[in-house]
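My request is simple: use the sequences and hints to build the entire structure.
Protein chains in written order, with this note's numbering: chain F, 25 to 391; chain R, 25 to 391; chain L, 25 to 391; chain X, 25 to 391.
To be clear, the hints were calculated from the coordinates, so they are not data collected in a lab.
Just so you know, not all the hints are guaranteed correct.
Intra- or inter-copy, both count: the list cannot distinguish identical chains.
As the list claims (entries may be wrong) - In silico lysine-lysine, DSS-like type, Cα no more than 27 Å apart, as pairs:
#1 Lys317 to Lys298
#2 Lys225 to Lys32
#3 Lys32 to Lys390
#4 Lys390 to Lys298
#5 Lys299 to Lys32
#6 Lys225 to Lys298
#7 Lys390 to Lys59
#8 Lys317 to Lys299
#9 Lys298 to Lys59
#10 Lys299 to Lys225
#11 Lys32 to Lys298
#12 Lys390 to Lys225
#13 Lys59 to Lys299
#14 Lys225 to Lys59
#15 Lys390 to Lys299
#16 Lys317 to Lys390
Number of protein chains: 4
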Amino acid sequence: MSGSIFGKHFTVTTWGESHGPAIGAVIDGCPAGVKLDQELIQRDLDRRRPGQSRYATPRSEADQVQILSGVFHGYTTGTPVSILIANQDQKPSDYDYLSAVFRPGHADYPYQQKYGIRDYRGGGRASGRETAARVAAGAVAKQLLAEFQIEITAYTYAIGAIEINPNRFTPGLIISHPLAMPDPEAAAQASQFLDRMAEEKNSVGGVVACTVTGMPAGLGEPVFEKLDAMLAKALFSIGAVKAVEIGSGIQAARMLGSEHNDWYQYQDDGTLLKKTNHAGGILGGISDGSPLKLKAYFKPTPSIGQEQRSVNTSQENISFAITGRHDPVIVPRAVVVVEAMVALTLADYLLIGATSQVANLRRLYKG
Amino acid sequence: MSGSIFGKHFTVTTWGESHGPAIGAVIDGCPAGVKLDQELIQRDLDRRRPGQSRYATPRSEADQVQILSGVFHGYTTGTPVSILIANQDQKPSDYDYLSAVFRPGHADYPYQQKYGIRDYRGGGRASGRETAARVAAGAVAKQLLAEFQIEITAYTYAIGAIEINPNRFTPGLIISHPLAMPDPEAAAQASQFLDRMAEEKNSVGGVVACTVTGMPAGLGEPVFEKLDAMLAKALFSIGAVKAVEIGSGIQAARMLGSEHNDWYQYQDDGTLLKKTNHAGGILGGISDGSPLKLKAYFKPTPSIGQEQRSVNTSQENISFAITGRHDPVIVPRAVVVVEAMVALTLADYLLIGATSQVANLRRLYKG
Amino acid sequence: MSGSIFGKHFTVTTWGESHGPAIGAVIDGCPAGVKLDQELIQRDLDRRRPGQSRYATPRSEADQVQILSGVFHGYTTGTPVSILIANQDQKPSDYDYLSAVFRPGHADYPYQQKYGIRDYRGGGRASGRETAARVAAGAVAKQLLAEFQIEITAYTYAIGAIEINPNRFTPGLIISHPLAMPDPEAAAQASQFLDRMAEEKNSVGGVVACTVTGMPAGLGEPVFEKLDAMLAKALFSIGAVKAVEIGSGIQAARMLGSEHNDWYQYQDDGTLLKKTNHAGGILGGISDGSPLKLKAYFKPTPSIGQEQRSVNTSQENISFAITGRHDPVIVPRAVVVVEAMVALTLADYLLIGATSQVANLRRLYKG
Amino acid sequence: MSGSIFGKHFTVTTWGESHGPAIGAVIDGCPAGVKLDQELIQRDLDRRRPGQSRYATPRSEADQVQILSGVFHGYTTGTPVSILIANQDQKPSDYDYLSAVFRPGHADYPYQQKYGIRDYRGGGRASGRETAARVAAGAVAKQLLAEFQIEITAYTYAIGAIEINPNRFTPGLIISHPLAMPDPEAAAQASQFLDRMAEEKNSVGGVVACTVTGMPAGLGEPVFEKLDAMLAKALFSIGAVKAVEIGSGIQAARMLGSEHNDWYQYQDDGTLLKKTNHAGGILGGISDGSPLKLKAYFKPTPSIGQEQRSVNTSQENISFAITGRHDPVIVPRAVVVVEAMVALTLADYLLIGATSQVANLRRLYKG
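Here is the structure:
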């Protein structure tokens, strides 16, 4: 109940601190019989890993995934899948100068107030490093979803005020460009802007967009466990997220009913389409068969090299500066974390939704 | 697990359809010893009730709350508090003409896909009427929170493009004005605009803002159960919400770290303040002692009187129009629903957080 | 989280006090499409109802069930099924003389210590009356299970030292005899014994046995959520239960491995049988396809008319006697409660188990 | 939801197979500030470890505990405590001859039916080896409970028909004797009996008794989450348990109300005592301040060296014999597992119970 467990049926527990010996995830509730490719997990971890570009923390970590249980002869067995990632670049003493400081924009002060004790080394449990465990678990969820043709694609939609132009959308850049920004012009602009940020020891926020294709209609639960509600929770659980929208999102508040309502229409080939997708693929908390459309808004990296004011544990007002290099923007590395959280949510709902109708149960239990 | 239960420790289950005999809520986990004023529950229900103004559905329902259990001599006993609200204005047959139509913007189609059966009368379980049960439960949560000086105030921030001007902020209007919009000029403008919407058989979206004062630092849980994540889930669980932001929210994505970081500072009187509150009162998922600042963005009411296109259960493309009067905007009645969901979330975290430190347990169990 | 919710997927919340206006249950998570016969619910409530025989409390209550939501045109819709049973025979003032007494064998003292406040009228929430709500919910679960030919039969196995003789097993008596004891001789003996108990203002314990037929193999979850573990929890949640056994149970502790192991054997017709069923139908927490065999051991009714010693809320040692008539044995009325708790548990596992294999999900989602 | 998570607030997830690289446990929800002595965890693991005596499996495993997270400077931080125990004596190929056999008394067949795939090596997930992770987590829970003077002592009460005589109760033997049987005569008898069992390639069941002292009154939750119900679930989750009783247990069913009711009495020094403890320390699911008294009945070890009949995955009737040495009785090694499950349950309820009264919350949040 202290918050490190996600999901009802496809349940993930993550553990580990930034500078402890390891971090990890335990998935309980993954169905048996999923063919699990460890290489695909590694690939997603590599997308999140620091040190890939000049814009990201140059901490060099192999982030080598180990699967300790739950897989037999290449298939999941239905028992817990335990994943461990060793922390290979621990230098806890690097953080001693911050042990008494409550850094602005970080969780230092609230953690101290809540727990009365705090692993101050690199943010401890509140570090972004924890998201590596989510990415590994998310990569398992993706492999389950792939069996149902459900595919999740996230990308950098904006860095500061620089947004991608949909007309120049170039999906290949999501993987190939270090900023995961699928518009070559915007990516180039953003690169320049981030160089300036690095020079000025400053940082900037940005936006991750996410699309899910292959969604069946009817996924989600009513009332409090609406699919969009859980997706929002999943995305807001990523440290730096300050806003989430689905479909027309923010804009919906200014639209008229006659504009916003998505009209259904049977096509000549008998398929059902919505003419627009302002809903972002969810109505009443349940998927409508259209692609999901989400955006997550990230605040700027709170660790900046500029001198800042704050207070310390001795209740003094102080000035201090964070040393070392830090990402001037967190968004490109967060792209795969967004995918992971969406995947974990959808895997959970895929399982939960299997029993909505007694007719489904009949097919399972009575052949 | 089908979605009608909210909360881990202060747990609310709502039940009931729009045109069944009643709706209700059961609260399990409310601590014993809370003085419960039924009048305060009724007052919040009255704020949500339709028919109060010319902008809202003129269905006349007393929405009289009954408490069936869990209260003894005016105090909660720690056992489930069962709340029932009779549906007094049921005219199920009014909806027969819609029984085969999948209304755009409504949950009709996804419900049919998910369940294979659907109470089509007035939206059934997906109706906004369900939120009356939340409001009642929320009013219980508020009375618990009030014992700790935690106060929640929501209001209409925008209707369509008409936003309140903070310089004209007039809190009294939240209760006294039918639009719950605390800026007399904006409220007047919005009234005119809504008259036009009603004439045009159209509707519009809007924004509810919410502030929580009296927050202790240290409330919330790390990682997946972050306080902001759960608040987002709570707000997205309100049918028409398409975006949620906390603190600087959307704007955070364009800000620099040097702007966004809220600096702590001890005041001369020894109190700790943040100079700004871009975080909206939460860092790392845990409250920092500043007021919470949230916004929920609502889509326009999907029920409009204009002719619309859609499909029916016989897989035909059709044209149809929704009869009867419908709110041209849902936002003013949603204000108290937002308060309720925030109250339910905070009550839950107040309880969950009681055991963060073994020192707290010592005080309780060892006197 | 305060204990009135049962189940993970087929979730039941009960509410209500013995002498409040009503009690009830809300089922969330019942699949859509279950044909629901209200009469079958009523029939089970009638089996539990007091006043049927001279051995049971002569409080006359109609215990008329009302279904307030979740059912449309005779079928469940997948939304919460709210069930209400009015308390028609409330005489709260009858209990004033006990308001300060901590009755031995009752929950009075622990409730006071836990909550600091207590509805002392007829035991309040701790009253056996609460089980009526379970019986109603259980009758819904039974109708779901019946679709899969899973049938639950409980009966009085013993009253005090008087046990049924399996050679005289007469199933019809379970329903027709007020003691629900399917052995005419044992039932006659027990009737005489209970007459003596009533005369002596005393009470006695007993045993309920339960068999479940039609169990598919593979139901249950490993490790902590073993099917037998959850059944034990379900039965121990009935107030007066002091022991639970499955299969050979207590005797297993004295058996040899060579005796206890149930050998599998394919029959000539290709069906798989176990030659014995010491396991009671569950191995490793998962059903093995044999009938479930359970027993629940009940303590004597704690309310007896004899003078007893105890203490009161003023911290005095006192003597007192409970007035009115009370059941000299609780077991016959508990029979249908045992069935209900077993039904609720199995319904939950039927749903949970639907997603054990990805192959099952494929059949559902890919047609 | 697939069963490897225990607890609501003090939550333990175990993972790992008998012959995989490691097993482990993750505790989420342990309060911050518990001084954690790794040596005490190791000591409990050593009590469970095989190979200590001639009666137990001679697999030699160091069972060395590693703590990977959640502890800082010797104290818990409130974040997940991840515990890992390497499997050092893996010889998976030893089990190839059993890969197609459904062993009687084991979970082989139900697992295959449930999952369609099964790690057959040494029982895989269903192996008793999994309980090592519980013991490690339980040892953390014990250290939390010790801060509140709650102490748990389990011991071998019976092996087959050989029971301890309370008049010869010798607590030191629980730790010092390999059978953990605190009666020197019974222990000697049992040793001889087990030698014979080993010779005969047979096994026998037994009983573990458990007492908890230092219990505060008021711990537990009403209705479905009764403390005894959860303890029963916890004990039944241990693979070989076939019955659980609390207090007078089985005997209660034959007792009279006048015998069974425990009378309260204030002593001259003002303390409140019950004259008897038939309730076993729990009334209405909530602790009454007396010691808890539990017994768990274990079936005989299903792995025996005698030739047995069964079936295989090719649907043939077969004869086979299990090779290697196996414990002729599981009970002595299960003693510390019983302690662990009781500790995990009580730790959870200690946390859950902290918020029963709003008065408690006031003391925490308002100082």
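These are the hints, each one checked on the structure:
no., hint, verdict
1, Lys317 to Lys298, "within (14 Å within a copy, 35 Å between copies)"
2, Lys225 to Lys32, "neither (42 Å within a copy, 42 Å between copies)"
3, Lys32 to Lys390, "both (26 Å within a copy, 23 Å between copies)"
4, Lys390 to Lys298, "between (36 Å within a copy, 22 Å between copies)"
5, Lys299 to Lys32, "neither (34 Å within a copy, 38 Å between copies)"
6, Lys225 to Lys298, "between (47 Å within a copy, 22 Å between copies)"
7, Lys390 to Lys59, "both (26 Å within a copy, 18 Å between copies)"
8, Lys317 to Lys299, "within (15 Å within a copy, 36 Å between copies)"
9, Lys298 to Lys59, "neither (34 Å within a copy, 33 Å between copies)"
10, Lys299 to Lys225, "between (47 Å within a copy, 21 Å between copies)"
11, Lys32 to Lys298, "neither (31 Å within a copy, 35 Å between copies)"
12, Lys390 to Lys225, "neither (65 Å within a copy, 41 Å between copies)"
13, Lys59 to Lys299, "neither (37 Å within a copy, 37 Å between copies)"
14, Lys225 to Lys59, "neither (45 Å within a copy, 40 Å between copies)"
15, Lys390 to Lys299, "between (39 Å within a copy, 25 Å between copies)"
16, Lys317 to Lys390, "between (37 Å within a copy, 23 Å between copies)"
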